[in-house]
Each structure stands twice: as structure tokens, then as C-alpha cells.
Amino acid sequence: MTQDPGRAAPAAATPPGEGLSNEETLAAYRVMVLARATDERCLTLQRQGRIGFYVPASGQEAAQIGAARALHAEDWVFPAYRELGVALARGVPLEALFHQFIGNSGDVLKGRQMPNHYGYREFRFVVASSPIGTQITQAVGAALAARRRKDPVVTIAFFGDGATSSNDFHAGLNFAGVYRAPTIFFCQNNQWAISLPREKQTHSATLAEKANAYGFPGVVVDGTDLFAVHRAVSDARRRAASGQGPTLIEAQVYRFGPHSTSDDPRRYRADTEVAHWKEMDPIKRAKELLIGAGVLDEARDTALWEEARAQVSRALESAEKTSPVEPGTLFDDVFAEPTPRLVEERAEFDRLLAEGVIKP
Amino acid sequence: MTQDPGRAAPAAATPPGEGLSNEETLAAYRVMVLARATDERCLTLQRQGRIGFYVPASGQEAAQIGAARALHAEDWVFPAYRELGVALARGVPLEALFHQFIGNSGDVLKGRQMPNHYGYREFRFVVASSPIGTQITQAVGAALAARRRKDPVVTIAFFGDGATSSNDFHAGLNFAGVYRAPTIFFCQNNQWAISLPREKQTHSATLAEKANAYGFPGVVVDGTDLFAVHRAVSDARRRAASGQGPTLIEAQVYRFGPHSTSDDPRRYRADTEVAHWKEMDPIKRAKELLIGAGVLDEARDTALWEEARAQVSRALESAEKTSPVEPGTLFDDVFAEPTPRLVEERAEFDRLLAEGVIKP
Amino acid sequence: MTELTLVQAVNRGLQQAMRDDGDVLVLGEDVGLNGGVFRATEGLLKEFGEERVLDTPLSETGIIGTAIGMALYGLKPVAEIQFLDFIYPAFDQIVSELAKFRYRSGGQYPCHVVIRSPYGGGIKGGLYHSQSTEAYFCHTAGLKVVIPSTPADAKGLLLTAIHDEDPVMFLEPKRIYRSVTGEVPDGDERVPFGRARLVREGTDVSVFAYGAMIPVVTEAANALAAEGISSEVIDLRTLVPLDEAAILASVEKTGRAVVVHEAARFCGFGGELAALLAEKAFFSLKAPVTRVTGYDTPFPYALENLYLPNVERVSHAVRTTARAG
Amino acid sequence: MTELTLVQAVNRGLQQAMRDDGDVLVLGEDVGLNGGVFRATEGLLKEFGEERVLDTPLSETGIIGTAIGMALYGLKPVAEIQFLDFIYPAFDQIVSELAKFRYRSGGQYPCHVVIRSPYGGGIKGGLYHSQSTEAYFCHTAGLKVVIPSTPADAKGLLLTAIHDEDPVMFLEPKRIYRSVTGEVPDGDERVPFGRARLVREGTDVSVFAYGAMIPVVTEAANALAAEGISSEVIDLRTLVPLDEAAILASVEKTGRAVVVHEAARFCGFGGELAALLAEKAFFSLKAPVTRVTGYDTPFPYALENLYLPNVERVSHAVRTTARAG
Ligand SMILES: Cc1ncc(C[n+]2csc(CCOP(=O)(O)OP(=O)(O)O)c2C)c(N)n1
Ligand SMILES: Cc1ncc(C[n+]2csc(CCOP(=O)(O)OP(=O)(O)O)c2C)c(N)n1
Ligand SMILES: [Mg+2]
Ligand SMILES: [Mg+2]
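Protein chains in written order, with the numbering used here: chain A, 1 to 360; chain B, 1 to 360; chain C, 1 to 325; chain D, 1 to 325.
Worth flagging that the hints you see were computed from the coordinates, not collected in a lab.
Here the structure is a predicted model, which is why all the values come from computation and not from measurement.
Do not rely on the hints blindly, as some may be mistaken.
Straight-line distance between alpha carbons at most 27 Å, and here's what the computed DSSO-like set of lysine-lysine pairs gives [stated by the list, open to error]:
no., chain 1, residue 1, chain 2, residue 2
1, C, Lys253, D, Lys280
2, C, Lys286, B, Lys359
3, D, Lys253, B, Lys150
4, D, Lys46, C, Lys286
5, A, Lys200, D, Lys46
6, D, Lys46, C, Lys280
7, D, Lys253, C, Lys280
8, A, Lys321, A, Lys359
Please model the entire structure based on the sequences and the hints provided.
Quick look at the structure:
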């Protein structure tokens with residue numbers, strides 16, 4: 001049942017117009033640029049010590065934004081930690097993200113998580129965690145719940161090539177196959193799981209063909225091609241919504257940057273490999289197509305980049321001006337109502353604060 | 001890469017002579033009969049309260065004994081809890097098994113485990129546990145260790161259809177594919193995982209084809225056919241031993257009895273289904289072939305059964321005469337040397353025993 | 001009121017909740033057609049259909065991960081793990097996800113799953129059908145841990161669990177699934193979390209226990225009464241949240257405490273209880289707190305009866321504690 | 001002797017063992033080419049090759065299951081779990097298999113795997129790069145649990161672990177991987193299990209801790225000395241086996257005890273220690289045992305510094321304990 005197995009060829013990108021209007025394409029491109037600008041700025045901020053950690057998404061924008069734009073507003077997204085493009089395409093305000101990166105009182109998550117591990121119920125973007133793969137089974141459960149409620153909702157799990165080795169990949173795809181869950185499994189094969197190359201992650205020819213083991217289709221798509229991704233996800237969404245069950249999509253992309261700001265990719269991969277993939281920079285490809293279609297020119301592109309960078313600066317500025325989280329919030333949200341023990345621990349904590357033993 | 005997908009047809013059994021001489025076949029048949037006789041007796045013993053629990057293997061003898069006889073003495077077996085035929089074919093004395101079923105002082109395992117959860121280092125038969133699937137990754141590790149030691153050893157993991165959904169199935173097959181481990185994954189698809197039928201366990205057409213996801217071959221074999229199984233495992237062993245990596249074998253069989261003595265299969269399956277499969281009773285099939293080949297006749301067969309039943313009675317009798325395990329052994333084998341805390345707990349225990357507070 | 005066994009009470013609790021609330025569903029291995037290996041889900045498939053009673057593939061990871069996704073969406077899944085010994089493939093989902101969803105999202109994503117699981121020894125189940133590892137869950141912030149010991153509590157606490165807003169580990173003492181019977185209220189009668197149950201009043205020693213140890217401890221207390229030792233028996237019922245007030249009040253009265261559980265001693269729940277008393281009732285205690293527990297070995301098969309606390313061991317410990325100091 | 005950081009000492013311990021014994025191998029995520037995300041396995045791939053330094057797929061289940069198989073066969077695998085927070089996919093293999101192999105086989109199948117894993121907070125790692133869940137492993141019969149706090153102990157205890165015959169959880173306090181340096185013996189110098197380390201002698205209060213809490217506790221003790229409070233600081237080093245003799249001897253001397261750890265309080269290791277003292281040093285204790293620990297919440301990000309015991313909280317607790325009673 002696998003379609004298009006083998007490596008995505010670095011062929012000419014699919015022209016716009018198939019599924020995405022010029023206007024929509026431009027909107028998508030704008031988000032891609034915003035994501036890239038955010039990434040670039042955040043890497044600097046981390047080096048300056050202004051944010052504690054960062055996971056860059058550069059190179060994966062077409063996959064993320066192409067996928068996100070094929071979804072409906074009511075669909076549920078189960079992300080990993082690298083889905084900046086998806087968050088932005090879903091409409092999550094940049095400022096909310098910067099509050100999260102800093103972990104201040106403006107952060108909806110109340111400063112509880114490391115940068116990039118965000119979630120916004122309002123945008124049906126479930127809160128990410130670090131353990132690899134756990135969102136995959138959860139996406140299946142939410143899809144079954146939506147079906148039970150008769151809601152026209154599809155769920156999508158985002159994960160990496162490394163996550164295909166996880167327990168939840170196996171369980172999630174198996175459950176989805178058995179129950180024909182309206183779920184899309186969107187694997188961004190960015191060729192690396194930290195220092196482990198795709199070939200050492202698993203011995204199958206493609207990741208997409210793993211879907212066979214669960215009795216549903218898997219497709220490989222060129223993840224640097226906004227339109228190809230958009231089409232693949234639209235098709236999968238249609239299948240899911242019409243009761244035909246799940247699809248596994250392997251979007252072949254490349255992580256341009258380090259795994260995270262704690263990582264030094266020169267220890268394990270060659271610059272030439274990076275350079276090779278940079279030729280297929282999804283932003284460059286989209287730009288060329290838009291220019292070809294007459295929707296964009298160099299001047300407008302420059303303006304668009306400036307606008308994106310300004311937007312990033314504004315969001316950052318606002319976030320940096322926001323006060324830190326209140327100490328007492330440490331004890332909130334463990335349960336709906338604190339247990340007596342938590343009440344007591346908080347009282348002890350407040351006493352220590354009041355006596356100056358600990359300082360905010 | 002999957003060979004022979006689809007259900008094994010209830011075709012005529014493979015004739016002897018291919019891989020197994022008449023003599024070897026008769027020897028295998030003898031073990032099959034012994035296994036069946038043991039099973040039948042143990043179900044009665046459990047009802048009589050003479051053993052606490054039992055997991056029958058009836059219906060799976062050809063798969064188990066055909067597989068075991070394709071292995072070499074130095075190979076390592078990683079069983080689940082239903083591998084009576086494998087244990088007997090490896091040479092484990094029936095008496096050792098009865099000691100284990102009773103859990104007495106003659107039990108090499110010191111009465112530590114439920115019936116059927118045995119293991120005998122001497123026979124390279126690793127000690128079984130209950131959690132489903134865990135032996136699968138372990139078999140891969142042992143295979144890599146043997147390779148590192150340059151030992152001509154292949155490992156084989158036995159597991160059921162239900163176990164294909166386990167975490168260890170996914171991890172074990174993936175690691176084996178990546179490292180090309182000399183391991184055979186032998187799945188006895190007995191159509192049921194307690195009350196869950198094979199079709200609801202996973203949506204793939206066969207279990208064997210799951211091997212594709214890990215980049216190595218999977219084969220389906222008629223597990224009621226001693227010779228077919230023997231050939232499939234011999235082939236897989238040859239591949240493994242010659243550095244060609246792992247194989248997944250799906251032996252299609254049927255569990256004639258209940259899942260265990262705690263189970264009532266009439267709650268979930270039809271008698272007609274059982275009857276259908278009993279037509280392919282592996283013992284009946286082997287017997288017919290042996291008679292056809294002139295190696296066996298009804299009289300010899302009857303004698304063989306009587307001999308098996310007598311052997312069972314002797315083993316049982318000896319086991320029932322053996323003393324119970326010594327109370328103090330409760331504290332042995334937690335570690336190579338007991339920790340001070342265990343020494344202290346044991347002293348407390350001995351005191352309670354001596355004072356008559358607790359009684360053996 | 002109806003006279004029920006403990007496992008029947010669990011069954012009625014599930015049925016009640018499913019009748020009252022269309023969002024409640026059950027999932028797990030063999031819970032449908034088979035009615036659960038202990039028959040706790042008997043009849044539910046027939047009454048509520050396959051959409052609300054899901055027979056799952058053999059994957060605890062899948063069961064709990066799926067249940068979490070359902071709960072995030074707004075349903076009230078009740079997952080059955082066939083034996084607590086088999087929960088570990090789901091441990092990552094429980095510890096990393098279920099327990100932390102509300103917290104890590106700043107309250108945006110409550111994640112209300114009830115995990116029911118038979119636990120404990122006494123059924124000749126050996127290493128893998130006997131363990132009591134409640135301490136793992138008690139130590140995991142974000143989980144509630146509930147253990148009934150009577151049919152009425154089984155139903156009443158289960159109903160509270162199902163309608164709670166937080167994840168609940170609902171551990172069922174399988175050894176007394178059928179040996180204990182009692183009157184159970186009909187209808188949606190809930191037993192609140194965080195309140196211990198006074199099983200027997202006493203003045204000399206406080207004995208704390210839960211689950212299948214309650215009948216053992218009660219029998220011991222009755223026997224000791226004949227010797228003139230008056231034990232107060234308290235069934236903790238919910239380990240998280242814990243009824244510290246009841247615990248401390250009892251020890252303030254008796255000045256002596258024994259805690260009994262099946263689990264291994266080292267870092268077990270009894271350690272927490274003893275520590276709590278050492279912290280908060282230090283000046284009331286007239287004797288060391290005594291722990292009567294399983295030993296720090298894996299759970300045995302043949303010697304199960306010597307591993308588990310029994311009436312004699314409990315009596316001995318209570319007697320010793322009553323006389324100490 | 002060589003001056004090393006703690007993580008360098010781990011690296012030298014691995015190198016030493018691998019040089020001395022061809023059965024020792026390491027496996028884990030990013031342990032090869034990358035040298036480990038904390039560089040603990042730096043240089044090993046180059047020296048020992050791919051057969052003894054295995055970069056594994058992303059599966060902790062696979063890592064530990066494979067390591068167990070290797071150990072059964074007779075090798076001495078040292079598995080790295082990248083962060084202790086990511087060990088849960090392997091929890092079934094650890095708890096059900098590794099810990100119980102020797103026991104369930106009646107001693108036929110010893111199963112000697114060393115699991116190394118960086119653990120603990122203080123690096124701004126949020127919920128999933130910070131947790132201290134040593135209590136789970138301490139409560140699991142059949143596992144040894146070792147936590148070094150100095151470079152010399154890191155190497156010496158690791159060598160003991162690798163040449164031990166039982167499974168060892170070797171938890172490395174990543175917060176002090178590089179901040180703590182010290183002289184480390186060259187060669188195969190082993191530090192025995194089951195012996196606590198006396199960090200500082202004292203007479204007023206005994207302070208028990210391990211891992212990254214040792215520098216915190218030591219600093220507090222030094223500060224308190226200026227106030228005239230003499231604290232005895234004991235680094236437990238191996239939680240299983242535990243050096244109860246040293247613990248009891250210290251408390252018999254001081255009559256007062258404080259236990260400090262990063263993990264959540266409820267059912268944490270501190271509970272066991274307090275219970276132990278309540279049982280065995282009851283009549284020596286002049287004041288309640290005090291626990292200074294993380295709170296019973298998931299591990300936070302922004303407020304990490306308020307969650308973790310620090311010098312001020314420890315000093316405050318020791319001071320209070322010294323004066324109580
Ligand atoms: C269960 C678990 N094990 C290990 C890690 C450490 N870790 C973080 S990211 C990562 C690699 C993930 O690779 P992939 O799934 O390809 O996603 P990518 O980072 O490439 O987007 C690893 C091993 C983790 N987060 N969770
Ligand atoms: C992890 C785990 N979950 C659940 C169980 C309970 N259980 C015991 S056997 C079994 C079914 C196994 O089916 P299969 O793998 O097909 O083997 P079979 O019993 O048919 O030989 C289940 C669910 C278990 N032992 N381990
Ligand atoms: Mg990747
Ligand atoms: Mg089966």
C-alpha cells in the first residue's frame with residue numbers, strides 16, 4: 001500500500017495553484033519567513049543568555065506550514081518540540097511564544113516548561129513534552145473521542161524520524177489501524193535524531209512503509225516542497241474525515257541547525273551534507289515559485305523579511321518587559337484542587353519566603 | 001520481502017524426508033505426544049488442586065517441536081510461557097518440569113515462579129516471565145553478545161500473536177534489523193490473545209509482513225505442519241548463522257484449550273472454530289504421515305502414548321514426593337550476596353519462624 | 001442497598017457511571033466480550049456497545065496513551081490494566097504524561113483518566129500477578145491513589161474517581177474480590193477522597209492499613225482484644241490525598257502505631273507513614289513505629305504465605321508495639 | 001592521581017573498565033560518534049570500535065532489553081539512558097526483568113547490567129531534564145542504587161558497579177558534572193558499595209544527603225559552624241545497599257537528623273530514612289527528623305531555584321532541628 005517509496009528526488013517543486021491559491025501561498029510563505037526569522041533571533045538570544053534553551057526548526061518550514069495549512073481550525077494538533085511553523089500557522093501569536101521561551105507571567109503555561117515545549121488550547125495545539133513519541137498514541141485517543149462525539153475533527157501527530165523507534169509509534173499506529181482512527185501521522189524525517197542518522201535508526205527502506213505493518217497507507221513526500229506537503233496532508237485529511245482511517249506521511253526534510261542549542265552537529269555530520277540540503281531550502285524554493293507566479297518580487301520579499309524581524313523584536317520586547325511568574329504558582333495545577341499536603345507545603349514555602357530564607 | 005503472505009492453507013502436510021529423517025521425525029513425534037500427554041494430565045491436576053495453575057500448549061506442538069529441532073544445542077531459546085514442546089524437545093526432563101509446576105525443593109527455580117514460567121540454563125532455555133514480549137529484545141542482545149564472542153550461536157524468541165503489539169516486539173525487531181542480529185523471531189499465531197482474535201490485534205494482513213518495517217524477511221508457515229516449520233526455522237537459522245541477519249516467522253496454529261486454567265474460552269469463541277482447527281491437529285497430521293511412510297502403525301502409536309502417559313505419571317509421582325522449598329530460601333538470589341538489610345530481614349523471619357509466629 | 005462482592009461492586013460502579021454519563025467509556029485487554037479476566041466489566045459491552053467498551057490490542061502503552069488522548073478531548077475514560085504487574089509498558093505515559101499534563105500546560109489541559117487495576121498477592125500468582133507497587137504512584141506528583149477494601153467503598157470511591165477532575169490510580173485488592181461481601185448503596189452514591197475509614201476504635205495502638213490487609217488487620221485486632229490489647233484500625237482508603245488529620249488524631253490518642261502493607265518495605269508507603277509520624281507526632285509517640293510489610297525480595301510463588309503479612313505477624317507486631325517503650 | 005571533573009571521572013571509569021575487560025561494552029543514544037550528550041562516553045568509540053560502543057536507535061526499551069540479553073550471555077553491558085527522565089519506556093524491562101532475573105531463575109540467570117543516567121535538577125531543564133526518581137528504583141527489590149557526588153567516587157563506584165554481579169542503577173548528578181573537580185586515582189581503584197562517606201564530622205545534627213545535594217549541604221554546614229552549630233554531613237553514596245550502621249552511629253551521637261534530597265517528598269527516599277531512624281534510633285532521637293526535599297509537584301522550569309533545596313533552606317532546617325525538642 002505504500003505510495004512513492006524511496007527518497008524524494010530534489011525535483012522541481014510542485015507549482016502553486018494545486019490546492020493553495022496564490023494568496024494562500026503568499027500567506028504560507030509569510031509564516032515560513034516569520035518562523036525562520038524567529039529561529040535566527042532565538043539562536044542569538046540563547047547565546048546572549050536571554051533565553052535558556054532553544055530548538056530550531058529551520059529547514060522544516062515547508063513541511064510544517066504546508067501540513068498545518070491543510071488542516072481545519074477544529075482539528076487537533078499533537079506536536080513534538082520542534083513545531084514552530086505549525087504553531088505560527090495555527091495562529092499562535094508570536095508574543096505568546098516569547099512569553100513561553102522566557103517563562104514569565106505572560107506565559108499561558110505559567111513558566112512550567114522549557115522553551116519550545118508549549119501548547120495552546122485555544123488553537124487546538126496540545127502542550128508538547130520532551131519524551132519522544134508520547135503524543136502519537138494520544139492523538140489516536142483524541143481522534144476516537146472526536147468520532148464518538150461525532151465531531152468533524154481530525155487529529156494529527158507530528159514527530160521525527162527518531163520517534164518511529166518509540167513504543168508509542170508502534171502502539172499508536174497499531175491502535176489507529178485497528179480502530180480506523182481519523183488520525184494523520186506526520187513524520188518529519190529530518191535525517192537525524194541528534195547524532196544518529198536515519199539509516200541507523202531503522203533498516204527499512206523508507207519510514208513511510210512502516211504503515212503497512214498496521215494495515216494502512218504510508219506516503220513519502222518531499223518535505224521541502226510546500227505544495228507537495230499540502231497536497232499529501234489534504235489527501236490524508238480527506239481519508240480520515242471520510243472514515244477511511246489513518247495515513248502515515250513521511251516528509252523528507254533536513255534540520256539545518258543543531259538539534260538544540262546544547263548540540264554541536266559538527267561532531268557527527270559533514271558540512272557538505274548540510275550544504276547539499278541547503279540547496280533545497282524550502283524558503284528559497286517557495287520564494288522562487290512565488291516570484292515565478294508573479295506574486296512576489298525581491299523588493300516585496302525584502303519588505304516581508306523586515307516586517308517579520310520587526311515583529312519578532314516587538315514580541316521579544318514585550319515578553320522581556322513582562323514580570324516573572326509568581327513564586328506561589330509553583331503549587332498550582334498539580335490537581336484541580338490542592339490536596340491538604342500541597343496546601344501545607346505551600347504554607348511552609350510562603351513562610352520561608354516571608355522569613356527571607358528563600359528569595360524569588 | 002515478505003514470502004508466502006496470506007493464511008496458510010490447510011493443505012496436505014509436507015512429507016517427511018525434507019530435512020528430517022524418518023528416525024528424527026519419529027523422535028519429534030514422540031516429543032509431540034509427550035507434550036500432549038503432559039498437557040492433558042496437567043489440566044486434570046489443576047482441577048484436582050494438585051498444581052496451582054496451568055497453561056496448555058495443545059495444538060501448537062508441531063510449531064514448537066519443529067522449530068526446536070531445527071536449532072543447534074548451543075543456540076539460546078527465549079521462550080514465553082507456553083513453550084512446553086520446545087522445552088521437551090531441548091531435552092528438559094519432564095521431572096524437572098513437574099518439580100517446577102509444584103514449586104518444590106526439586107525445582108531448579110526454587111519454587112519462585114508460577115507453573116509454566118520455567119527456565120533451564122543447562123538447556124539454554126532462558127527463564128520465562130509473564131510480561132508479554134520482554135524476551136524479544138533480550139534475544140537480540142544475547143545474539144549480539146554471541147556474535148561479539150564469535151560463538152556460532154543463534155538466538156530464537158518465541159512469542160504469540162498478541163505479543164506483536166508489545167513494545168519489545170517493535171524495539172527488538174528494529175534493533176535486530178539495524179545490527180543484523182543472528183536472531184529468529186518465531187511467532188506462534190494461535191489466533192487468540194486470551195479473548196482477542198487475531199483480526200482485532202492488528203490490521204495488517206499477516207503478522208509476518210511486519211518484518212518489512214524493520215528491513216528483513218518475514219515468512220508465514222503452516223504451524224500444524226512439523227516439516228514446514230522445521231524447514232522455515234532451518235532456513236532462518238542458516239541466514240542468521242551466515243551473517244544475513246534476522247527472520248520473522250509467523251507459524252499459524254491454534255490453541256485448542258483455554259488460554260490458561262483461569263480462562264473460559266466459550267465466552268469468546270465458537271466451538272465450530274475449534275472443531276475446524278482440530279481437523280488440522282498437528283499430532284494427527286504427523287501420525288498420518290508417519291504411518292504413510294511406514295515408520296509407525298496404530299499399535300506402535302498406542303504403545304507410544306502409553307509410554308508417554310506412564311512417563312508423565314512417574315515424573316508427577318516423583319515430584320509429589322519431593323519436599324517443599326525451605327522457608328529461608330525466600331531471601332536467596334535477590335543479589336549475589338545479600339545486603340545487610342536482607343540479612344536483617346531474614347534474621348527477623350527466622351525469629352518469627354522459631355517463635356512459631358509464622359509457620360512453614 | 002444490595003449485597004455484593006467487591007468485584008461486583010466495581011462492576012456496578014462502572015455500569016452506574018456509564019448509564020449516567022455518556023462520556024464515560026472503558027478500555028483494556030479482554031474487557032469486552034470476555035467481561036474482563038476477573039469479570040469486572042461483565043455485561044458492559046452488551047449494554048453500551050463497542051464504542052464505549054473497547055477491547056484493545058495487547059499494549060498498555062496504547063491503552064493509556066489512547067485514554068489520555070480521549071481525556072484531553074473531554075471524555076472520561078476508565079482504563080483497565082489486567083494486573084498491576086503489567087502496567088510498566090505504560091509507565092512512561094502515566095508518569096511523564098498523565099501525571100503532568102495539567103501542570104505542564106498551566107492548567108489548560110486537565111487530563112482525567114481513571115486507571116483501574118487489580119493488585120496484590122494472596123492468589124498464588126507468583127512474581128507477576130501479585131505485586132503491590134502503590135508507592136511508585138504515590139511518589140509521582142499529580143496522581144491520586146485510591147484503594148478500596150469493601151464493596152461499598154469500591155463502588156463509592158470508583159464513582160468519585162470517575163467524576164473527579166484528576167488522574168486516579170484505582171487499585172483493586174484482587175485477593176478479596178470475591179471473599180469480601182457487603183451492602184452497597186444503589187445509585188450514584190459517592191465516597192469522598194481524603195477521608196480514612198475507622199474500622200475499629202481502640203486506645204492502645206493505631207494500626208494503619210489498606211486493601212486486602214484490612215481483613216487481616218481486623219482479625220488480628222479482634223484476637224488481640226481478647227488479650228486485652230485495644231487496637232484502633234484505620235483503613236486509609238486514599239493514599240493520595242492522605243487523611244493526615246485522622247492519622248495524627250489516632251496516634252495522638254494511642255501513642256503507638258503499626259503500619260501494614262503487602263509491598264516491599266524499603267521506600268514503601270509505610271516508610272512515608274512512619275516518617276510522617278516521626279515529623280508530626282514525635283512528641284506523642286511512646287514507641288517506635290512498626291512496619292509489617294512484604295520483604296525486600298521479589299514476590300515469591302511457593303512461599304507466598306510467608307512473604308505476606310498475616311494475622312499472626314500483625315498480631316505479634318501490634319503486641320510488641322503495645323508493650324514497647 | 002589526576003584532577004578531573006565528575007563527568008570526566010565517569011569517562012575514565014568507563015575507559016578503564018573497557019581496557020581491562022573485553023566483556024565490557026557501552027550502548028545508548030548518541031554515545032558513539034557524539035560521545036554522549038554530556039560527553040561521558042567521549043573517545044570510547046574511537047578506542048574500542050562499533051562492536052563495543054553501540055549507538056542505538058531511539059528506544060530505551062530496546063537499549064535495556066538488549067543489554068539484559070547481553071548480560072545473560074555473559075557480557076558486562078553499561079547502558080546509558082540520556083536523562084533519567086527518559087528511562088520510563090524501559091521501566092518494564094528494569095522492574096520486571098532486570099531486577100528479577102536472578103531471583104526468578106533460582107540463581108541460574110544472574111543479570112548484571114549497569115544503567116548509567118544523568119539525573120537531578122539545577123540545569124534549567126524543566127519537567128523532563130531534572131527529575132530525581134531514585135525512590136522508584138530503591139523500592140524495587142533486586143536493584144542496587146548508586147549515586148556519586150565526587151569525581152573519585154564517580155570513577156571508583158562505577159568500577160565497582162561494572163564488576164559487580166548484580167544490576168546497578170548508577171545515577172549521575174548532572175548539575176555537578178563539571179562544577180565539581182577533584183583528584184581521582186588512576187587505574188582500577190574501586191570504591192566499595194554499602195559504605196557511606198563522612199564528609200564532615202559534627203556533634204549537633206546529622207545531615208544525610210547524596211548527589212548534587214552534597215555541595216549544598218556542605219556549604220550550609222560550614223555556614224552553620226560559624227553560628228556554633230556543628231553538623232555531621234554524611235554522603236550516603238549507595239542507597240541500596242544502605243550503610244545503616246554509619247547512619248545509626250551518627251544519630252546515636254547527635255540525636256538529631258536532617259535528610260536532604262531533590263526528589264519530591266511523599267514516599268521519597270527521605271521517608272525511608274526517617275522511618276528507619278524512627279524504628280532503630282527512636283530512643284536516641286531528641287527531635288523530629290526533618291526532611292528538606294523537592295515539593296510534591298512536578299518539576300518546574302521558571303521556579304526551579306525555589307523548588308530545589310538550597311543552602312538557605314538546608315541551613316534553616318538544620319538550625320531548627322538543632323534547637324528543637
Ligand atoms: C524517550 C526519550 N529518549 C531520549 C530523548 C532525548 N532526545 C531528545 S530529542 C532526541 C532525538 C529525536 O529525534 P527525532 O525524533 O528524529 O526528532 P528531531 O529532534 O530530529 O526533530 C533524543 C534522543 C527523549 N527526549 N525522549
Ligand atoms: C504486558 C502484559 N500485559 C498483559 C498480560 C496478560 N496476558 C497474559 S497472556 C495474554 C495474551 C497473550 O497472547 P499471545 O501473545 O497471543 O500469546 P498466547 O497466550 O496466545 O500464547 C495477556 C493479555 C501480560 N502477561 N503482560
Ligand atoms: Mg530527526
Ligand atoms: Mg495468541
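| Which of the numbered hints are not met once you compare them with the structure shown? | Going through the list in order, the structure violates hints 2, 3, 4, 6 and respects the others.
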